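Fit chain H to the given chain G structure using the hints.
Just so you know, the sequences run in chain order G and H.
Once you know that position 245 of the first sequence is 245 in this note's numbering, the rest is easy, because the numbers rise by one and skip nothing.
Once you know that position 23 of the second sequence is 1023 in this note's numbering, the rest is easy, because the numbers rise by one and skip nothing.
Just so you know, the hints here were simulated from the structure itself, not pulled from any lab data.
A portion of the hints provided could be inaccurate.
[Claimed, not checked] Straight-line alpha carbon distances no greater than 30 angstroms define the calculated DSS-like cross-link-like pairs of lysine-lysine that follow:
| # | chain 1 | residue 1 | chain 2 | residue 2 |
| --- | --- | --- | --- | --- |
| 1 | H | 1042 | G | 78 |
| 2 | G | 78 | G | 62 |
| 3 | G | 50 | G | 62 |
| 4 | G | 78 | G | 50 |
| 5 | G | 315 | G | 333 |
| 6 | H | 1042 | G | 82 |
| 7 | G | 82 | G | 62 |
| 8 | H | 1042 | G | 315 |
| 9 | G | 50 | G | 82 |
[What the hints assert, rightly or not] Selected chain H positions facing chain G (Cβ under 7 angstroms, derived; list incomplete):
| # | residue |
| --- | --- |
| 10 | 1020 |
| 11 | 1034 |
| 12 | 1064 |
| 13 | 1065 |
| 14 | 1096 |
| 15 | 1119 |
Source: prediction; values computed, not measured.
Virtual Cβ for every residue (Gly too), placed ideally from N, Cα, C.
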Amino acid sequence: MAWLSNIPATVWEGLRAFLGPLALTMIVGLLLTLGWVQVNALFLVWLERKVAGHIQLRIGPKEVGPFGLLQTLVDGVKLLGKELITPAPVSWPLFVLSPILVFAPVLVSFVVIPFGPGTQIRDLNVGLMLIFAFGGLGVLAILMGGWASNNKYALLGAIRSVAQNVAYEIPLLLSAMSVVIMAGSLSFQAIVQAQEGLWYVFCQPVAALLYLVGATAETNRAPFDIPEAESELVAGFHTEYSGMRFALFFLAEYTNMFIVASVATALFFGGWRGPFWPGPWWFLLKVYLLIFVVIWVRWTFPRLRFDQLMNFAWKYMIPIAVLNLMVTAVVLKIVR
Amino acid sequence: MSDQIGTDYLFVLVFLLAGVAFALVPILLAFLITPRGVGLRKLTSYESGMTPIGQAWIQFGVSYYLFALVFLAFDVDVLYLFPVLVAYGGFAWRDLVGLLVFVGILSLAVVYAWCKGVFEW
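So here's chain G without its partners, still in its complex pose:
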């Protein structure tokens, strides 16, 4: 039976010799990412509904599969069978492009997410910046889709979304920067390596808090879900999208949650560090704990009014973030 257990290793070695290590990493990484994106979205939608249910003293989905785990899969199949309606007044090239543009950049971020020491598809030396750069493209897609819909709700939702994302991107970047200045690198491996003794959440509690609030706003989640406030704007920017196009917006949203939580884990919570288990398990555990907190917040706090939302970002978060960064710079200079 020994030859049976050797098969995976043999196949791996064979592929490695045939394709070369680089192409193999690329292909395997890509396949794993594509699978992960779907499993993650299926699981998160289920988790969201289950947590929401229990917070509101309901059970949540329970019929399809054990504990209702397959509910999202069934919903996905249903969405696949729904008609793709393109309303007559839309600007159709932009309307069709928007769901694709919202999803494609999301995948790129997976290149640099550090699941473990060396367990990373490619350690770019500008990893953090890559994630923020491609994260910023999402706003463009939302504006494109909202404007192209030629629908009042969609347009208002898109404009609000842009104003909000733009406002919260600055504290997000500034709080990430106070980690960069301490680690002296933008590469995720280096940033996690630098948290050898102490996680940055203990040196930079203010930055960690700012990052989490900013990330919640960047992913358009309650209490910052004004862009899709269903009581006033129907569904915001994706009002006119149906079927699979709508599903792509959702897939991108839940994958974005995973990405911002991964970045938070790597920047502030020691990445893959932890006793007993191998790194990737710790990393995933931390990521999903953070996501659970974000979901918990959504079902606990009411939505902010729009002026409060904007003023909170500009009057409090940005000045605090700038001060935090400058104080970090001065303290670092004194200490070193």
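Just chain H now, kept in the frame of chain G:
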């Protein structure tokens, strides 16, 4: 060195293209298998079930454009800071003062907007 950078961005490019392809597949699949109904009303914009009044593409005051202007000032600031912070290890006190002055001047954008009443609604 440049070879390694080329490989790095090859990964980014491949993942981006794969993202586009991956997004296209379900849309094409849905396009092939979904039913298609006919009817004029179905293709109108959604306006809570009423007949839509006019278009959304009209001129109206978007009060957020001032925020956009302040954002531009800050975003340039942030882009400048990234390389500065990575190289921070080798800084002298004089460089730190320069950094503080630069960020301080750019932060005046928010102070100016605040005094001008942009944040009053």
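Taking the hints in turn, this is what the structure says about them:
no. : hint             : in the structure
1   : H:1042 <-> G:78  : holds (20 angstroms)
2   : G:78 <-> G:62    : holds (18 angstroms)
3   : G:50 <-> G:62    : holds (9 angstroms)
4   : G:78 <-> G:50    : holds (20 angstroms)
5   : G:315 <-> G:333  : holds (28 angstroms)
6   : H:1042 <-> G:82  : holds (14 angstroms)
7   : G:82 <-> G:62    : holds (24 angstroms)
8   : H:1042 <-> G:315 : violated (45 angstroms)
9   : G:50 <-> G:82    : holds (25 angstroms)
10  : 1020             : holds (5 angstroms)
11  : 1034             : holds (5 angstroms)
12  : 1064             : holds (4 angstroms)
13  : 1065             : violated (9 angstroms)
14  : 1096             : holds (5 angstroms)
15  : 1119             : holds (5 angstroms)
Hint compliance for this structure: hints 8, 13 are broken, all remaining hints hold.
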